[in-house]
Amino acid sequence: MLKMSNIAKIYLTDTVKTQALQPFSLDIEAGDFVAVVGPSGSGKTTFLNIAGLLEDYSEGSYFLNNQDVTHLSDTQKSRLRNEQIGFIFQSFNLIPELNLFDNVEMPLRYRTFSAKERKSRVIEALTQVGLANRQTHYPQQLSGGQQQRVAIARALAGSPAFLLADEPTGNLDSNMADGIMSLLKDINASGTSILMVTHDLQQAAQADRIVEIKDGVLTESKQVEKVVA
Amino acid sequence: MVGYYIKLAWLSLRKTPLLSMLMIGTIAIGIAAAMITITVGYMMAQDPLPHKSDRVAMVHLNSWDPTQPYGYRRNGKNDIPSTLTYQDAMALLKADKADKHTLFAQFSDMIRTTTSDVRDAQLHPIRSTTRDFFDMFGVPFIYGGTWSKEADLTGEQVIVLSKHENDRLFDGVNSVGKEVHVGTLLFRVVGVIDDWQPTPRFYTHRYLMYQSTLRYFVPLESQIRNALFSPTSMGFSCWGDDPNSTLADLLLSECVWLHLWVEFDSVDKKDDYFGFLSDYSEEQRKVGRFARPEPNRLMTVPEYLEKEGALSNENIMGIWFSLAFLLACLCNVMSLMMTKFHGKGGEIGLRRAVGASKKDIIIQFGFESIFIGLVGGVLGLLFAQVGLSVLADMFSNLHQSVMTMDIFLMVGTVGLAMSTSLLFGLWPIYRASQIQPSSQLKSL
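Protein sequences appear in the order of chains A and B.
If you count the first sequence from 1, position 204 lands on 219 in the working numbering, and the numbers rise without skipping.
If you count the second sequence from 1, position 26 lands on 1016 in the working numbering, and the numbers rise without skipping.
None of these hints come from the bench; they were simulated from the model.
For each residue, glycine too, the CB sits at the ideal point set by N, CA and C.
Be a bit skeptical, because a hint or two may be false.
Claimed, not checked - Examples of chain B residues toward chain A, derived with CB under 7 Å: (1) Y994; (2) I996; (3) P1007; (4) S1010; (5) G1167; (6) K1168; (7) L1340; (8) A1343; (9) V1344; (10) K1348; (11) S1428.
As the list claims (entries may be wrong) - In silico DSS-like pairs for lysine-lysine, Cα to Cα no more than 27 Å straight-line: (12) B/K1084 / B/K1042; (13) A/K134 / B/K997; (14) B/K1084 / B/K1259; (15) A/K131 / B/K1260; (16) B/K1042 / B/K1349; (17) B/K1260 / B/K1084; (18) B/K997 / B/K1348; (19) A/K134 / B/K1005; (20) B/K1276 / B/K1084; (21) A/K134 / B/K1348; (22) A/K134 / B/K1349; (23) B/K997 / A/K131; (24) B/K1090 / B/K1042; (25) B/K1153 / A/K92; (26) B/K1297 / B/K1042; (27) B/K1090 / B/K1349; (28) B/K1139 / B/K1153; (29) B/K1348 / B/K1087; (30) B/K1348 / A/K92; (31) B/K1276 / B/K1087; (32) B/K1168 / B/K1139; (33) A/K18 / A/K92; (34) B/K1276 / B/K1042; (35) B/K1297 / B/K1005.
To be verified - Quick list of the computed label-pair ranges, beta carbon to beta carbon: (36) B/I1306 / A/F128: 49 to 59 Å; (37) A/N190 / B/G1405: 55 to 65 Å; (38) B/M1328 / A/V31: 27 to 37 Å; (39) B/H1332 / A/N21: 28 to 38 Å; (40) A/T234 / B/M1328: 42 to 52 Å.
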C-alpha cells in the first residue's frame, strides 16, 4: 500500500547542499505497524513528512495505494492526505478555540460528507478513544493523554488507510504513554497501518517492524529484538 | 462550508482581540473618512431631475453692459448673467416657444395667519414664480395644487405653503382655502407641498444650491402688481444709470434678476429654442441692446450644474485626500494581517496536514479578511454618520440632505470596506497559503 523506491531528500541553498536522506526503499503493507527510530536530527521527521506528502522528495518514486504521487498537484496531494492518511503529532496539535467535536471534525470538513455523516463519524471516533461524552469540552480542559486521544480520534475520523504518528507519546508520562500505545495497537489490530516515529525503544519493540534512520541512512532491522537490545 | 468559514473567522477575531480591534478600527476610521467626503461629493453631484434633466434648460441672455463685461469670470473667460431682465423674461414667456416655462424671483415679507397677532409675524423669503414651477421641478403636493393660469396672468393673491410652514401655521391640517397675511396683503392658500429638497437645489445660484428650499410660493404677477419689493433679498444685478429703487424701476431697467427655465417634450426641440433665442437677440441688437460679444446660452440641468461648479475642486480634492488616507489605513491593515496570518502558521500547517489544499486556506483567510472588512465597514458607517452629523452642525447653512447617506451609499460603505479588506488581504493570504506545513506542525 506504501511503496517507496530509491527515495532521497536533498536540501539545497545557494552555498550548501545537505543530504537529509540517502536513497532508500521501503514497502509497507496493509496492517503493518512500523516503528521508525533514530537519534535526533537523523532525518526521522523528514522521512515522515515525505511519507505524509507534506514534503517533496528529491529523487525516487513513491506509490501510495498504487498511485504515483510524484507529479500530483497540491489539491490532489491534499485530497490523498485527507482520505488515506491520519496524522498524530507529539504536541497533539489541537486547535484551542475549537471544542473536541470541531477538532475531530476538521479533516471531514475538507470532504463532501453531509453534516449528518460528519457527526456520525466524529462521535464514532470519539467513542473509539473513550471521549464521546466530552465532545463539547475544549482541549485545555483535558489532560495530555486525553488530548492525544482526541488527536487520534481526529486522525481516525476520516477512516484513513494508515496513520503517521510522530512521537505520539513524547509529551506524556509513562502511564498515559502506555494507554496511547495500547490504543494504537488496537487501531492497528483493526487493520489500519501505522508508521510511528519514536525515541522510545520499548515502544518500538511493540511494532511489527522497525526502521532505523541514522545520519540520513535508513535501514530496516530484520529482528526487532536486535535493535532494542 | 460558508457557515464554517464564517465561524472560523469569528473565532479567529476573538482569539486575538487586540490585533483584531486594531485592524477593524483602522478600516473603520479610513472608511469613515472616505465616506464622509464621498457622501458630500456624491450628494452634491447627483442629478436632481434624473428622468428629464436633459430636457429642462435654463435661459442665459447676454443683455449686459456693452462697455463692461459681466462681473464674473469663469475659466478665464467673461461670463454672462444667468438671470434675465424683466422685459426679456416677459418677452420669452409670452412668445411661448417651449412646452413649459418657469420664471421666478424672490422677495421677503412678514407672514402670519389671519388669527395671529401682528407681533407673531415672521420675516420669510418668498418664491415668486409661475405655476409650471411645481410640475417642471417635480414638487410633490400633500394638499391642493398649483394655482391656475389665470392667477399667473392676473396676479391673483394665492399662495402655496411648505409642509413645515403648514404645520407651524395651521397645525398640519389641510389649509387650502385659508388665508395668510403677506405683509399687509391677504393670500389664499391653494396648495401645501410635501417635504421637498432637491440636492443640489439646481435651479438657483451656486451659493444657494445646498440651502433649504423656500417655504412660500406666490405668483410672480402678484408680486409685481402689489409692488412687493425687498431689494436686499431679491438679488438683482444692475449696470448703467437706470434707477432701481422701486419695483417699477426694476421692471423698466436693464437689471437682471429673473431666472427662466424651460422644458421640452423632446431633446430635439432644444436646438429650435436656441435658434429662437438667437433670433430674439438679433432683434434686440437692432434696437441697440445685446451688444456684447459673449453668446447666449441654453443650459440643461447637468450643464448648468457643471458651469456653476456644484461639485467644487475643493470637494474633489477632499475626496482624493480621504481616499489616500484610506489607502494608508489599508496598508496598515495589510501589515497587521501579515502578522496575524503568520501567527497562524501552526493552524495552517495542521489544516494542510489533514487535507486542506492551498485553495482551502485561501478561502478560509479570504472569509476572515471579508469578515474583518464587514465589521470595520459597519463600524466605519457609524463613525461616518457621527462625522456627517458633526459636519451638519458645523455647516448649518447647508441643507442636511448633503450630509446624509442614502441607502446606496450605506451599502456602498460596507461593500467598499469588505472589498478593500479582501483586496489588501490578498498578499497576506497568498503568503499564508504558501506556508510549508511540515515546518509549522510543531508550532501550534
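Now for the hints, and whether the structure bears them out:
With a least beta-carbon distance of about 6 Å to chain A, the hint placing B/Y994 at the interface is held under the 7 Å criterion. Given the 7 Å rule on beta carbons, the hint for B/I996 is violated: about 13 Å separates it from the nearest Cβ of chain A. The criterion of a C-beta within 7 Å of any C-beta in chain A is not met by B/P1007, whose closest approach is roughly 12 Å, and the hint is violated. Look at B/S1010: its Cβ only gets to about 13 Å from chain A, farther than 7 Å, so that hint breaks.
Proximity of B/G1167 to chain A is violated relative to the hint, the smallest CB-CB distance being about 69 Å (cut-off 7 Å). Interface hint at B/K1168: violated, since its Cβ lies 69 Å from the closest Cβ of chain A, which is beyond the 7 Å cut-off. Annotation: interface hint on B/L1340 holds; nearest CB of chain A at approximately 5 Å, less than 7 Å. Hint status for B/A1343 relative to chain A: holds, with the closest Cβ pair at about 5 Å, below 7 Å.
A distance limit of 7 Å between C-beta atoms decides the matter here; for B/V1344 the minimum to chain A is near 4 Å, and the interface restraint holds. Given hint, B/K1348 at the interface with chain A, holds; its Cβ is 5 Å from that chain's nearest Cβ, closer than 7 Å. The interface hint given for B/S1428 holds, since its Cβ lies 4 Å from the closest Cβ of chain A, which is under the 7 Å cut-off. Between the alpha carbons of B/K1084 and B/K1042 the distance comes to roughly 24 Å, so the proposed pair stays at or under 27 Å and holds.
Of the supplied pair hints, the one linking A/K134 and B/K997 holds, its CA atoms being roughly 17 Å apart against a limit of 27 Å. Restraint check: the Cα-Cα separation between B/K1084 and B/K1259 comes to about 18 Å, which is no more than 27 Å; the hinted pair holds. Between A/K131 and B/K1260, the direct Cα distance comes to roughly 70 Å. Violation of the 27 Å bound is thereby established for this hinted pair. Restraint check for B/K1042 and B/K1349: the C-alpha separation of about 50 Å exceeds 27 Å, so the hint is violated.
Distance hint between B/K1260 and B/K1084 is fulfilled; the C-alpha atoms sit about 18 Å from each other, no more than 27 Å. For the hint linking B/K997 to B/K1348, the alpha-carbon distance of about 19 Å falls within 27 Å, and the restraint holds. A C-alpha spacing of about 25 Å is found between A/K134 and B/K1005, which places the hinted pair at or below 27 Å, so the restraint holds. For the proposed pair B/K1276 and B/K1084, the alpha carbon gap of about 20 Å is at most 27 Å, so the pair holds.
Among the hinted pairs, A/K134 with B/K1348 is consistent with the structure: their alpha-carbon atoms are about 25 Å apart, no more than 27 Å. With a C-alpha separation of about 25 Å, the suggested pairing of A/K134 with B/K1349 holds against the 27 Å cut-off. A C-alpha spacing of about 19 Å is found between B/K997 and A/K131, which places the hinted pair at or below 27 Å, so the restraint holds. For the proposed pair B/K1090 and B/K1042, the alpha carbon gap of about 13 Å is at most 27 Å, so the pair holds.
This hinted pair does not check out: B/K1153 and A/K92 have alpha carbons roughly 71 Å apart, beyond 27 Å. Straight-line distance between C-alpha atoms of B/K1297 and B/K1042 comes to about 18 Å, which keeps the hinted pair within the 27 Å bound. For the hint pairing B/K1090 with B/K1349, the CA-to-CA distance comes to about 63 Å; that exceeds 27 Å, so the pair is violated. For the suggested pair B/K1139 and B/K1153, the alpha carbons sit about 23 Å apart, so the restraint of at most 27 Å is met.
Between the alpha carbons of B/K1348 and B/K1087 the distance comes to roughly 71 Å, so the proposed pair goes past 27 Å and is violated. The straight-line distance between the Cα atoms of B/K1348 and A/K92 is roughly 11 Å, inside the 27 Å bound, and the hint therefore holds. Our distance criterion of 27 Å between C-alpha atoms is met by B/K1276 and B/K1087, whose separation comes to about 21 Å. Note on B/K1168 and B/K1139: the hinted pairing holds, with a Cα-Cα distance of about 20 Å set against a maximum of 27 Å.
Only pairs whose Cα atoms come within 27 Å are accepted, and A/K18 paired with A/K92 is accepted, the gap being roughly 16 Å. Between B/K1276 and B/K1042, the direct Cα distance comes to roughly 36 Å. Violation of the 27 Å bound is thereby established for this hinted pair. In summary, the hint linking B/K1297 to B/K1005 is not supported, as the alpha carbons are separated by about 55 Å, beyond the 27 Å threshold. Take B/I1306 and A/F128: their Cβ atoms lie about 55 Å apart, and the range 49 to 59 Å holds.
The hinted window of 55 to 65 Å between A/N190 and B/G1405 holds, with their beta carbons roughly 57 Å apart. Look at B/M1328 against A/V31: about 28 Å separates their beta carbons, and that is inside 27 to 37 Å. In this structure, B/H1332 and A/N21 meet the distance hint of 28 to 38 Å, their C-beta atoms being roughly 37 Å apart. A hinted range of 42 to 52 Å for the beta carbons of A/T234 and B/M1328 is consistent with their spacing of about 44 Å.
Checked against the numbered hints above, the structure breaks hints 2, 3, 4, 5, 6, 15, 16, 25, 27, 29, 34, 35 and satisfies the rest.
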